[in-house]
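Asks: Turn these sequences into a full structure, and let the hints steer you where they fit.
With the numbering used here applied, the sequence shown has no gaps in its numbers, which climb one by one up to 444 at the end.
Certain hints may be false.
[To be verified] Using 30 Å as the maximum straight-line C-alpha spacing, the simulated BS3-like pairs for lysine-lysine come out as follows:
| hint | residue 1 | residue 2 |
| --- | --- | --- |
| 1 | K126 | K54 |
| 2 | K10 | K54 |
| 3 | K160 | K329 |
| 4 | K126 | K10 |
| 5 | K290 | K331 |
| 6 | K54 | K12 |
| 7 | K329 | K290 |
Just so you know, the hints here were simulated from the structure itself, not pulled from any lab data.
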Amino acid sequence: MVFSSVVFIFVFLPVVFLVYGILPSLKWKNLFLVFASLIFYAYGEPVYVLLMLGSSVMNYGLGLLVSRSGKNAGVVLALAVVLNLGILCAFKYTGFFLENVNILLGVSIPVPHINMPIGISFFTFQALSYVIDVYRGDVQPQKNYGRVLLYISFFPQLIAGPIVKYHDIEQEIENRKQTAEGTAHGIRRFTMGLAKKVLISNTMGLAADYVFSLPAQGLNAASAWIGALSYALQIYYDFGGYSDMAIGLGEMFGFHFRENFQYPYYADSMQDFWRRWHISLSTWFKEYLYIPLGGSRRGTARTYLNKVIVFFCTGLWHGAQWTFVIWGLVHGAFLILEDTILPVKKCKIRWLRQLYAVLAAVLAFVIFRAENMAQAGMMFRMMFTGFSFTPESAANCISILNPLYLVTFAAGLVCAVPVKKKLEGIQKLHGLSYIACMALFALCVCRLSADAYNPFIYFRF
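Replies: Dropping the structure here:
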């Protein structure tokens, strides 16, 4: 477990921010951020902080070794890939692998219960990207271990991303400034992310959980669509909100992380969706898997095969479950179909292209959310054929549509399109945005104090 939201907001963060501001030099500030990040990660599960420290030491050493190995640098890089992915697979995929071996071979190999360290997929990919960048010559090997450790362990993005590449913040680790304007902007960004998570995602999550827990006889087409749309909004505002909080927190300490979401439900194709959704992950796979596989440089068939591999890995990265893998492959299939037979690019009506992209994303997220493919199939069946409105299914549907849900759903739809960008261009609203954030912060605190339901979906990835 990690700090509760209330403890983090009212105890951990203020203390860290105040001490950081008092320290005299960047060297001491960096050391303190490392210390605070280790405390943050170790809270509740202290043993796994040793794993993260071990990963950082290993990749620090591999970075130095790959830069000094000359012609053998490729061997060192291969070792780095094997060791990093080996650690990730050991903790995340051992049970999944053995369960499938048992099914396929009809054996009964004991399946160990391994608690997965929070955020292991994120910090493993960050650490591995550092070694790869050193191998490519994109960055110089860092001789100061503390800087590598700060890069891997920095608490705002440690447990749920976004995935930050070393070359993006290398200069700011070594030389950055904390300004009043940056701090104010960071606090506003953090508050907006908190509101997305607490006010929108949590409300949508309650509805989605309720619908996905119902048996087929308790569902109809209306409630099934409500569940699917609610989950699509939940996961967007959950991870998008956390990314906003991480970016805002980083800015408070002088770091500038790249955007991780750019209104994905405003996309007009699935290719456009992946240019807007979880950008740090999609660019990671593009830079470190798709392009090394050959990208689109080796003919059409090889290009499509590369996309299938990338999206298989994208799905598997999200979790050791076939629903995640199939979700990834569905997205890969859409991208290939858009390049071949789907006339998306030829359609001149943008809102039709957007409708297609949203529907495709929502339907794919049904697979992502389902416990298994049988439940996903049941949800799809009810979404498109569930027109028998029994008293039970009608009552279940009506129970969801309370005023809080309807208002939150409407807010979620509005905030999913770039209205905020247009409002930011109005100078008179600049000051009002900070007042609005204060009101949102108060609402979030009230909600957190009164409601124990506060799941973070991406913590388990």
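Asks: If a hint holds in the structure, say so; if it doesn't, say that too.
Replies: We went through each hint and held it up to the structure:
{"no.": "1", "hint": "K126 <-> K54", "in the structure": "holds (21 Å)"}
{"no.": "2", "hint": "K10 <-> K54", "in the structure": "violated (35 Å)"}
{"no.": "3", "hint": "K160 <-> K329", "in the structure": "violated (48 Å)"}
{"no.": "4", "hint": "K126 <-> K10", "in the structure": "holds (14 Å)"}
{"no.": "5", "hint": "K290 <-> K331", "in the structure": "holds (26 Å)"}
{"no.": "6", "hint": "K54 <-> K12", "in the structure": "violated (38 Å)"}
{"no.": "7", "hint": "K329 <-> K290", "in the structure": "holds (22 Å)"}
In summary, the numbered hints that this structure violates are 2, 3 and 6.
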